[in-house]
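Asker: As a plain string of letters, each chain reads:
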Amino acid sequence: MARAFERALRRAGVPMAYSQGFNPHPKISWAGAAPTGVASEAEYVEIQLVERVDPEVLRAELDAALPDGLDVLQVVPASGGSLADRLDASLWRIELPGVDPRALAEAVDRLLAADRVEVQRLTKDGRRTIDVRPAVVTAEAASSVAGAGGSPDRVESGPLRRRFPDDEEIASNGTSVPGRGERTADNVAHGSQIGTRAARTDDWPAPGRPCGILVTVVRQATPAVRPDDVLSALRVVAGLEPPVPAKATRMAQGQLDDDGRLADPLAPVAAPQPATRDGESGQGVVAGPAV
Amino acid sequence: MSVESVFPQLEPLLPRVSKPVQYVGGELNATVKDWDATSVRWALMYPDAYEVGLPNQGVMILYEILNEQPDVLAERTYAVWPDLEALMREHGIPQFTVDGHRPVGAFDLLGVSFATELGYTNLLGALDLAGIPLHATDRTDEHPVVIAGGHAAFNPEPIADFLDAAVLGDGEEAVLEITAIVRDWKAEGRPGGRDELLARLAETGGVYVPRFYDVEYLPDGRIQRVVPNRDRVPYRVFKRTTMDLDDWPYPKQPLVPLAESVHERMSVEIFRGCTRGCRFCQAGMITRPVRERSLDGIGEMVQKGLEASGFEEVGLLSLSSADHSEIGEITRGLADRYEGTNTSLSLPSTRVDAFNVDLANELSRNGRRSGLTFAPEGGSERIRRVINKMVSEEDLIRTVTTAYSSGWRQVKLYFMCGLPTETDEDVLQIARMAQEVIRAGREATGRKDIRCTISIGAFVPKPHTPFQWAAQADPETVDNRLRKLRAAVNADRSLGRNIGMRYHDGKPSLIEGLLSRGDRRVGRVIERVWRDGGRFDGWSEYFSFQRWVDACAAELEPLGVSLDWFTTRERDETEVLPWDHLDSGLDKEWLWADWQDALDEREQDDCRWTPCFDCGVCPSMGTDIQVGPSGTALLPITPVGKGSPVRNPALRS
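Protein chains in written order, with the working numbering: chain A, -9 to 281; chain B, 3 to 655.
Possibly wrong hints are sitting among the right ones.
Derived pair list, reagent style DSS-like, types lysine-lysine, alpha-carbon separation capped at 30 angstroms [to be verified]:
no. : chain 1 : residue 1 : chain 2 : residue 2
1   : B       : Lys306    : A       : Lys17
2   : B       : Lys486    : B       : Lys590
3   : A       : Lys17     : B       : Lys486
4   : B       : Lys590    : A       : Lys17
5   : A       : Lys17     : B       : Lys21
6   : B       : Lys21     : A       : Lys114
If you're looking for bench data, these hints aren't it; they were derived computationally from the structure.
Because the structure is a prediction, the values reported are computed rather than measured.
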């Protein structure tokens, strides 16, 4: 996906800054990029340009150059500091078709009650053990069972609403990405639709099948705790085994406040100043598509 | 009747297979049209994995040309890996296109591009998954017309039973003519059914329909004759030649995949055809005459392609790119135009001379100088005269010395093993040549860290070349020579340290030889191998030599022929070759004379710069070589975008 983004920058004619050396590459840095195989509505990337450009024009031009399913929702000038510092945590929505919502709720309770939950992950250096629990800030189980009439209940908009009083603000930063094996869909450009997103029928499992939905805020940590790791933790604490692969979507990223809320990472800081680096005109934090 | 996408059934299976993104389509510049709004529908297949097939220029060109027609729909399909194949069979999912995920069996035509014969088993796999009967004669009006193209289609006889038709040569105009015939036939209510449609295609003279020809054999197994078995069918089928490349500036909108592919670059074909006359080279023989794309045409394709794709590398393709009569102007003009935009340019096929190093220097002036590749092809001066690859050792040393002193650190040299008349000594000369290269490089640079890699492939005699009569070397001979070569390279440890050697064993090449020069009897072998599980024969992890040997024993020996008969047997002048009724334009007498010259170690000049030597192409095809110089410059060299090859007025402050 990083290559798709780089190529879109070129097609859009964005005046990119390049690194020096034998093999120059454009100055693009992805902060907390989503792992392969998950969808995302909220990826953030920082790019460095050699000329100042209008952020909204850049947003529109880059958005037009990207393939369907990858949308740029907002561009702001860099205001100093690291983008990664503004991305403490992610809100994930993980659909678990075939998982009984009550069993999921029980597993979540056990996870939250534990002090440590160690899971194994295969990395290229072999197996490693990570403690998932400290990274899980909040977690809630929700459910959906499509009714006989085919119209799904709206259950999980509650938690989203509670956590994000400013729905529109967050949604405006979201983008979606095609995940591994997942069709890039037209499910972006929601604008302010995050609260009603639950009603989108194409997100829903087949009628009559139970589907547990896990809504969780996970802190950026080293090593990173991914949605898969959270699910592994549920297996460890409660033996929860999803019958089919889960579908995880990153709904938001941001800085955690004391109440466990995520602040908009692109909101201006106290005194917004365009960043200037390396003597070049620095520009741009882009809320953009992801990996 | 509309055709449904199979994606809903396919999607749940994708998490269970390797690299699922190759099956989802949605590439930049891909086209999905409304099925019902079109009247002629093509499925285009490259019969190998997506990562190899996607960058294929032939498929990309035809895909775009067809989709530009308002009432024509073209979608792509590739060979699926065995993991997905098993799941598709389990769940009843047919071979599908990656664009609309439509079943291949629902299309009017299935066009398959064969760059190599090792894709034949994948053709059978795709037909079977699509629910299309393997044997063309078992198909009904409901099934797609299966048409082969690509270089292997110059002898489609081994797959004749599985094909409805084959097209020789350039496809740009041919696909549109075939489309028109199918369009009319459908509009008329399909008169005469499939048979009439194929007859209409055959009577154009440029579409080969194997079922309309009977092959008769002599008692000794050789072919007696190949004759049409009905009227309206020509005795010989001619190849198609697109004369003015500037009229066909495709691909205009190169496909850009999300998944990784073997070539992450945009390609512009700067000329087609080659008259260097390397006797082993089928591509050089069957694509004559030389037709250059103009400077302006190239400049415009590069710019438009970069705008449409965002690629960072542009490959200037042809069979010998430095031979474009205005290559100096092209490289200088493009390097100037894209300076500072992080756009790199490459010339993938270059011959051995110092001029090429100058070109490479020009192209890499903004980037890395990692490696340069040359293809002397033969280790000894003698064998290079046999194959008509006129490179002297002096030339080579001068060339690599220039390369190393211009900052290149690695030189790669391509060779072949198993060439006609070859002896051990010819191959051992490769080691000496590589050692000389290292010695010269060290002297020129005063450095020890320069490298030379020698890459060796086994020679396969191909139809429509002067070597079409030659005996192919058996794998033991090839493997023995390569073993001796390795020992010779390592004999001098000081020099050998800087020499890398890459090669494959000779067994896959023997099978490629069977499929290249086989006749219709080889079709049974292909079918048996496929039924026994043969797939992806171009991939060493899937290729099984034993499976082919066993299938040959079972299917060929009862007919009095064998694997050896088709490969290591030298043919004589009077033998009817399986492809003699397929006209590449080359005069068979000229080919034979050139074969005799090869045996006498006599060279043949390039007709671009020297008088015509009567290979037969130009007069018989009504064509002519087209070369410059035009004397024009690559203008205008407008400044392109800053930090990007694209200038976007909206982003100028």
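Asker: With reference to the structure, classify each hint as holding or not holding.
Answerer: Evaluation of the provided hints:
1. B:Lys306 with A:Lys17: Between lysine 306 of chain B and lysine 17 of chain A the Cα gap is close to 25 angstroms, so the pair holds against 30 angstroms.
2. B:Lys486 with B:Lys590: 37 angstroms, violated
3. A:Lys17 with B:Lys486: The hint is violated at about 50 angstroms.
4. B:Lys590 with A:Lys17: Not OK: lysine 590 of chain B and lysine 17 of chain A at ~58 angstroms, beyond 30 angstroms, violated.
5. A:Lys17 with B:Lys21: Roughly 28 angstroms between the alpha carbons, so the hint for lysine 17 of chain A and lysine 21 of chain B holds.
6. B:Lys21 with A:Lys114: 18 angstroms, holds
Checked against the numbered hints above, the structure violates hints 2, 3 and 4; every other hint is satisfied.
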